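Asks: Those sequence lines, one after another, are chains A and B.
The opening residue of the first sequence carries number 0 in numbering that gives the first Met the number 0; numbering runs sequentially from there.
The opening residue of the second sequence carries number 0 in numbering that gives the first Met the number 0; numbering runs sequentially from there.
For the record, the hints were derived by calculation from the structure and aren't laboratory data.
Heads up, none of these hints are tricks.
Which stretches of chain A does chain B cover? Using the computed rule of at least three CB atoms under 8 angstroms from a CB of chain B, they are:
(1) 43-57
(2) 93-101
(3) 175-188
Listing some non-contacts, in silico: residues in chain A with all C-beta distances to chain B over 12 angstroms:
(4) 63
(5) 66
(6) 140
(7) 141
(8) 236
(9) 260
(10) 276
(11) 277
Just so you know, these numbers come straight off a predicted model, no measurement behind them.
Cβ coordinates follow ideal geometry from the N, Cα and C atoms, glycine included.
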Amino acid sequence: MWPNTFDYARAGSVDEALALIGDEGKFLAGGHSLLPVMKLRLAAPEQLVDIGGIDSLRGISANGGLTIGATTTHAEIADSADVRAICSGLASACGQVGDQAVRNFGTIGGNIAHADPASDPPTVLVACGATINIQGAGGARSVGAEDFFVDLFETDLEDGELITSVSLPDCSDCQCAYVKFPHPASRYAIVGVAVCLKMDGGTCAQADVAVGGATVKAVKCGGAEAALAGSTLDDAAVGAAAEAVKADIADWLAGDIAYPESYRQQMAGVFLRRAIAAATTG
Amino acid sequence: MQVSMTVNGVAQEADVDPRTLLVHFLREALDLTGTKIGCDTSQCGACTVHLNGKVLKSCTLLAVQADGCEVTTIEGLAEGGEHHPMQTAFWENHGLQCGYCTPGMIMASAAFVRDNPGASEAEIRHYLEGNICRCTGYHNIVKAVKQVADSAAGA
Ligand SMILES: Cc1cc2nc3c(=O)[nH]c(=O)nc-3n(C[C@H](O)[C@H](O)[C@H](O)COP(=O)(O)OP(=O)(O)OC[C@H]3O[C@@H](n4cnc5c(N)ncnc54)[C@H](O)[C@@H]3O)c2cc1C
Ligand code: FES
Ligand code: FES
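Turn these sequences into a full structure, and let the hints steer you where they fit.
Replies: So, in structure tokens, the structure goes:
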């Protein structure tokens, strides 16, 4: 299958990318979401500006927290010792994206810009309070992950704006996990749950929970968090959280003929239990 | 648009329509038809090649994105007239039936064992989730990969 015709330009810098991008243009990072939709003719941009060669957009720096360049690949994030130490949940989520070939070329910036509801990294970014750093013709700005994801395939990004990096706070003293129920054919998440637990002795001082896959976007789950915070993560608290999470996501449910909304809602509770177990058993 | 890359050790240069996918460039411009197109939707892995040593589904990258890169296809895996150990193992274990998935399976597996000598059967099965075979039931494919993984680890 061939995509429609387009003009192709390679940007050497962020400034050049912003100058090159036209009204009907799209940035091209790994191409692992954009090219499939162009081949299916679900998108037909007139221009692609390839940002894959911009050195300043690539790489991971540990600076208390983490700053991850937009064109850093899923494989680079999953394999990074710094990410594993500072936000193990993100390393785990990126390691569960698709298969090795997809992880080798798909990028974090492309993943979040595309905002597929079934993708994995956004769920961790929302749970862990990440910040998305954006550059546009009018200057730079930053948005919290929770506000960045607006709806199905919809983000806060304006036309012509470029994601330059993602920043994460230091999560090294949290117990983090991301677990997913992968679609048996596509490997995309039918349900994905991220938890980030701050433990104080045997008590959970703070819980951050987000759900994706089951929902049209990654959703922060305040009800489940409240059920866990202050508890010893005993069966009663975990059971209450698994119930509460279903209400947390009720307004945002996604579904299809094989995995309807009600099923995914139920599975969010099951996978929250598994995520808590994974986080606390290391 | 002008594109140049090294394919199986040979420098190649061509003028391509930017929408040309790498798999089309390999099969149609270079006549390297060992690389197959199965699903054409990035799922089956029949089109797997190595780009700068990394596994890639070549139906999911533009040829112009591979500019300046090194590409290895199934035709370039054998060295000095000798099969790559993964090719030999697929032969010996009959890791194929129709053979359509085989070039992609071998390319993916060769990279995997290079990076993970001594991989377990479970790791091999997990890794091969991006390569789909409609014929074999995977049993002999996994056996072939395991044979190479074991010998790479000196077992
Ligand atoms: C077979 C297969 C299985 C997959 N399975 C999963 C999975 O299980 N989980 C998962 O999370 N994902 C999965 N993916 C998607 C994968 O993670 C994609 O690579 C990723 O979503 C997009 O990244 P990319 O670099 O390829 O982006 P591209 O395809 O290059 O771009 C995607 C979109 O983002 C825009 N864009 C890219 N970079 C930027 C930027 N820096 N700033 C602004 N806009 C930008 C583009 O214009 C385009 O609209 C899968 C993909 C495939 C092909
Ligand atoms: S043809 Fe490329 S993955 Fe199936
Ligand atoms: S041998 Fe026929 S598809 Fe694998």
